[in-house]
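Asks: Residues per chain, in single letters:
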Amino acid sequence: MTANESFARLLQDAAAMQERAQSALRAMRDIGEVQVGLSEKSCVYAEDRIQLHRYAPLARSAKLPPLLICYAMVNRPYMLDLQPDRSLIRELLSLGVDVYLLDWGYPDGSDRFTPLTEYVCGYLGRCVDFILEQNAVDALNLLGVCQGGTMSLCYAALERQHIANLITMVSPVDFKTPENLLSKWAQHIDVGLLTQSGNVPGEFLNLVYLALMPFRLTQQKYVNLLQMESDRGQLENFLRMEKWIFDSPDQPATAFREFIQWFYQENRLIRGELALDGRQVLLKNIQCPVLNIYAANDHLVPPSASIPLGAHVGSEDYEALQVDVGHIGMYVSGKARKNVPAAIVRWLLERKP
Amino acid sequence: MDDSATTPAQAPPYLKAWEDYVAACQVLFERLTDPAAADVGGPTPLAFLGSWKDFATNLGMRPDSAAVDGLNPQGMFASLLPALGYSREHQEIGRRMLELTGKFQRRYADFVQQSTEIGRSALQATHRQASNDETLLATPAAIYDAWIDSAEGAYAQAAHGEPFARLMADLCNILSGFKIERGKLLEALARQFDWPSRAEVDSLHRQVRTLRSAAAKAKGAAKAKGAAKPTTGLTRRGKRKTRKATRRADR
Numbered sequence: 001m002t003a004n005e006s007f008a009r010l011l012q013d014a015a016a017m018q019e020r021a022q023s024a025l026r027a028m029r030d031i032g033e034v035q036v037g038l039s040e041k042s043c044v045y046a047e048d049r050i051q052l053h054r055y056a057p058l059a060r061s062a063k064l065p066p067l068l069i070c071y072a073m074v075n076r077p078y079m080l081d082l083q084p085d086r087s088l089i090r091e092l093l094s095l096g097v098d099v100y101l102l103d104w105g106y107p108d109g110s111d112r113f114t115p116l117t118e119y120v121c122g123y124l125g126r127c128v129d130f131i132l133e134q135n136a137v138d139a140l141n142l143l144g145v146c147q148g149g150t151m152s153l154c155y156a157a158l159e160r161q162h163i164a165n166l167i168t169m170v171s172p173v174d175f176k177t178p179e180n181l182l183s184k185w186a187q188h189i190d191v192g193l194l195t196q197s198g199n200v201p202g203e204f205l206n207l208v209y210l211a212l213m214p215f216r217l218t219q220q221k222y223v224n225l226l227q228m229e230s231d232r233g234q235l236e237n238f239l240r241m242e243k244w245i246f247d248s249p250d251q252p253a254t255a256f257r258e259f260i261q262w263f264y265q266e267n268r269l270i271r272g273e274l275a276l277d278g279r280q281v282l283l284k285n286i287q288c289p290v291l292n293i294y295a296a297n298d299h300l301v302p303p304s305a306s307i308p309l310g311a312h313v314g315s316e317d318y319e320a321l322q323v324d325v326g327h328i329g330m331y332v333s334g335k336a337r338k339n340v341p342a343a344i345v346r347w348l349l350e351r352k353p
Numbered sequence: 354m355d356d357s358a359t360t361p362a363q364a365p366p367y368l369k370a371w372e373d374y375v376a377a378c379q380v381l382f383e384r385l386t387d388p389a390a391a392d393v394g395g396p397t398p399l400a401f402l403g404s405w406k407d408f409a410t411n412l413g414m415r416p417d418s419a420a421v422d423g424l425n426p427q428g429m430f431a432s433l434l435p436a437l438g439y440s441r442e443h444q445e446i447g448r449r450m451l452e453l454t455g456k457f458q459r460r461y462a463d464f465v466q467q468s469t470e471i472g473r474s475a476l477q478a479t480h481r482q483a484s485n486d487e488t489l490l491a492t493p494a495a496i497y498d499a500w501i502d503s504a505e506g507a508y509a510q511a512a513h514g515e516p517f518a519r520l521m522a523d524l525c526n527i528l529s530g531f532k533i534e535r536g537k538l539l540e541a542l543a544r545q546f547d548w549p550s551r552a553e554v555d556s557l558h559r560q561v562r563t564l565r566s567a568a569a570k571a572k573g574a575a576k577a578k579g580a581a582k583p584t585t586g587l588t589r590r591g592k593r594k595t596r597k598a599t600r601r602a603d604r
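The listed protein sequences correspond, in order, to chains Z and H. The first sequence lines up with residues 1 to 353 when you count with our numbering. The second sequence lines up with residues 354 to 604 when you count with our numbering.
Be aware that a few hints might be false.
[Claimed, not checked] Calculated cross-link-like contacts (lysine to aspartate or glutamate; reagent style EDC-like; alpha-carbon spacing at most 20 angstroms):
{"hint": "1", "chain 1": "Z", "residue 1": "Lys41", "chain 2": "Z", "residue 2": "Glu133"}
{"hint": "2", "chain 1": "H", "residue 1": "Lys570", "chain 2": "Z", "residue 2": "Glu159"}
{"hint": "3", "chain 1": "H", "residue 1": "Lys578", "chain 2": "Z", "residue 2": "Glu133"}
{"hint": "4", "chain 1": "Z", "residue 1": "Lys176", "chain 2": "H", "residue 2": "Glu515"}
None of these hints come from the bench; they were simulated from the model.
Generate the whole structure from the sequences, applying the supplied hints.
Replies: Structure follows, in structure tokens:
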């Protein structure tokens, strides 16, 4: 093909792309605001910024202890219930699990001086206490997701009597592995300086996430969007995801500083040097059964950051589950949807008292 | 590339800059569409940058990084007396902000250079790919996706390196420092207007934190005193048989 022929072809293709883009933009204009987190739930406990939700059952109870999901503070938890056909929570409900979700909310200036201890031992602890009391049980199942998984590990190590089974999902444990780009960048950041002028804006976190894969996340995905055949469903899926990605709460300054410094920079958790509430957090104190679910293609929490958990927990009943998806795919991909909720419930049923 | 052949010597600088840019794109396109003719690993057609620099000069801007390299705010202030008088504190803040600005510009120039190198590596990788796989040239979308893959690959290689991590951290730290200094100026402004200052709001937030913590503790203590223990429920099991396993979800 000569250069002129190629150029003519390019123009033709460009015109076709332009047409598809116009069509996609027209379709998007008609969509308006997308809805997320639609499964029926009620707020059963609230304190300061946090809310504890309980989901309405969708099936006969599997007679398992209640399951508390502790999500990360750096993103909004509705990712777990993004839309009816992409909802980890809905799948769990349909398998008869009694699901609670801890929503950290949107921290503001009044949370600036709240330490990490308060989030783990205070808010999370009081949510656990509330659920135990509401259900008149001694222990519940805890599912920690991403940063929430790390926090759940800390809680389970300190308050092991309250946890029947612990599930961690895409949760970092070893914060200094060669594949962990976030960790590499975090090493030289003066996080004291960063948080000296207040909470860390959600936009800052968004920038950092985009910088992990800038070409795909700031260019390619929008080019691909404009090439969608104005399929309303697909566009709505895209917009829901887009909403979630950029709906990052500000991070409470003190807790954020402690998290970055203690976990990313000093790797205290895996070294057994972390202390919360004046008590040492030792992974070997986790004696309950542990299911560690990690994503094989995770660019935020690489498998190497999650896998070491097995070597450090005290529990003799430890199982790791690798899913061939990325970090976000763990919540919404078809592969994860098909396998993960069923695997969780099967694992819990095997350990049913 | 002989620009004089297409653009009259007296053409406005912006026109020449634009034309050179288009010409560079055409060269690039020809290379991509004809791998045999492509000088794989050869220089990127960046000649058009010269015209942009001329254009910038024409607008009164400094044409290259010499301005940044030559900028030494510390040096500027070294020749002056120490901050004196009524606005001494504000002068100091201004000096620190200037210092930080200079530092940021230098490190940002490093960032731009890194980015350019990443772009060049990506382009070379795309060339290599296109030379080995003609289907990539079939559509702009295919070559675009190949370029994105190459760019992410080149970026990841750089981003995982220590210099890049230092660079990112420096940019972040400098901006954090700048934000703090700017906050001091705003604090002074707030006092002029009798607005609550950041320090005052922080003090209130600290008190809120203390009160919340005390309230939660008191509530917990009261509950522990008054509430009965759960009477029914799940009991903890004994240790299960040792079972440490890894499996894959799709197996």
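Asks: All the hints need checking, so say for each whether the structure fits it.
Replies: Now for the hints, and whether the structure bears them out:
no. : hint                  : verdict
1   : Lys41(Z) / Glu133(Z)  : holds, 19 angstroms
2   : Lys570(H) / Glu159(Z) : holds, 17 angstroms
3   : Lys578(H) / Glu133(Z) : holds, 15 angstroms
4   : Lys176(Z) / Glu515(H) : holds, 14 angstroms
Checked against the numbered hints listed earlier, the structure breaks none of them; every hint is satisfied.
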